[in-house]
Amino acid sequence: MWKFFVYSLIGAFMFFIPVTIGEKNSIMLDHIVSFIQKHAAPALPYYALLIIAAGAIYPFLSGKWKKSKVDIVFSFFKAIGLLVGLMLVFNFGPAWLFDPSMGPFLFDKLVVPVGLLVPIGAGFLALLVGYGLLEFVGVLAKPIMRPIWKSPGRSSIDAVASFVGSYSLGLLITNRIYKEGKYTAKEAAIIATGFSTVSATFMVIVAKTLGLMEMWNTYFWVTLVVTFAVTAITVRIWPLSKIKDDYYEGSTPQPEVEIQGNRFVAAWSEAKATVANSPCLLDNIWTNVKDGLLMAMAILPSILSIGLLGLVLAEYTPIFDWIGYIFYPVTAVMQLPEPMLAAKASALGIAEMFLPALLVTESVLVVKFVIAVVSVSAIIFFSAFVPCVVATEIPISIPQLIILWIERVILTIIIVTPIAYLIL
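Residue numbers for the sequence shown follow the working numbering, so the first one is 1 and each next one is one higher.
These aren't lab readings, by the way, just hints derived from the structure by calculation.
Heads up, a few of these hints could be off.
Pair ranges (Cβ atoms, derived) [as the list claims (entries may be wrong)]:
1. Pro147 with Gly261: 30 to 38 angstroms
2. Gln335 with Lys290: 26 to 34 angstroms
3. Ile57 with Tyr325: 38 to 46 angstroms
4. Asp99 with Pro42: 17 to 25 angstroms
5. Ile326 with Lys290: 37 to 45 angstroms
6. Val89 with Leu313: 18 to 26 angstroms
7. Phe92 with Pro147: 52 to 60 angstroms
8. Pro147 with Ile57: 42 to 50 angstroms
Glycine included, every Cβ here is placed at the ideal spot set by N, Cα and C.
Turn these sequences into a full structure, and let the hints guide you.
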């Protein structure tokens with residue numbers, strides 16, 4: 001069981017313990033990425049372009065591009081992302097693309113850091129989630145899952161893995177457990193849309209973009225609490241409340257068995273079982289880094305296409321101003337400084353979860369903090385999350401996802417704004 005303590009501790013240290021190196025106080029993961037960015041700067045655009053190219057070509061080589069209409073659309077967007085990447089790296093194309101707030105900003109502030117953070121973060125995530133800590137916490141959390149989130153106790157592990165790990169990992173776990181008959185359709189939809197946020201590594205990028213790394217732990221834990229609080233409300237309103245409690249067709253229903261006896265002992269035995277079945281450290285890290293690279297391949301081309309489209313629409317059209325009017329009454333009533341800017345930034349999140357942060361980089365700290373939490377807690381965005389959900393068997397439609405996104409954004413602003421005023 002030394003692995004449980006040592007590896008989990010190293011993982012927790014990498015993600016949650018701030019360290020001062022030079023003038024900078026941040027978590028070790030951020031220091032590592034900053035070191036690479038500083039010392040390998042000339043090579044990084046070509047590295048990012050390689051990941052983008054792999055991600056754009058992969059759907060066509062594997063045949064995944066023609067699986068569904070959604071796959072066709074997103075494969076097309078990835079191809080556009082590769083074209084934009086080539087233009088930015090080799091310096092050709094329309095003048096508007098090279099506006100400092102457009103292509104270069106997107107590439108330098110998001111594409112390169114994401115391309116580094118996701119694979120490196122995934123490697124350290126193997127230590128945090130692969131050696132029993134999640135299972136241990138999951139069993140202890142079981143008694144609160146059903147009354148608060150209307151999901152079975154076993155989903156506590158899934159929920160934490162989704163939040164700390166990644167939405168793609170979380171959705172894979174949720175879909176598999178649903179098809180095995182261990183979740184109902186309603187439970188699977190709750191977990192997929194309530195806990196499957198971007199990973200802690202993506203939150204680091206949002207925090208870096210908005211200058212919040214000095215208060216990283218505050219930001220992380222407030223976001224976790226707010227996200228789970230919003231989910232506790234959305235499970236009780238439409239559309240989630242009306243999804244049927246049926247098991248997957250053809251599966252054998254396996255409702256949860258209640259734990260008898262000492263819960264701590266049960267949690268310890270779950271952790272022991274996980275450690276006993278865990279792969280060797282290098283294999284585990286390599287598997288996770290590989291998954292991280294595949295995830296980066298899926299996301300980087302989408303950031304450069306859908307993300308750029310979002311920026312262009314925000315800059316040159318009033319579309320996000322119009323969508324922002326949905327949230328403007330809420331930001332105004334909550335007395336946020338620059339309420340229209342906060343509303344417009346919140347609206348941008350439907351295209352790509354990083355875009356809200358890019359819009360408020362020059363705003364005041366309270367707005368930055370609120371938008372940083374909204375961009376994660378909203379969960380649903382079209383550049384990556386929506387195609388991942390559509391690719392599963394979980395019965396929730398795109399219109400339902402859009403309604404759910406609106407609900408989550410409004411609830412997040414209402415819950416996090418008083419907290420922001422209190423702590424900042």
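Mind listing which of the numbered hints don't hold for this structure, in increasing order? 1 and 2
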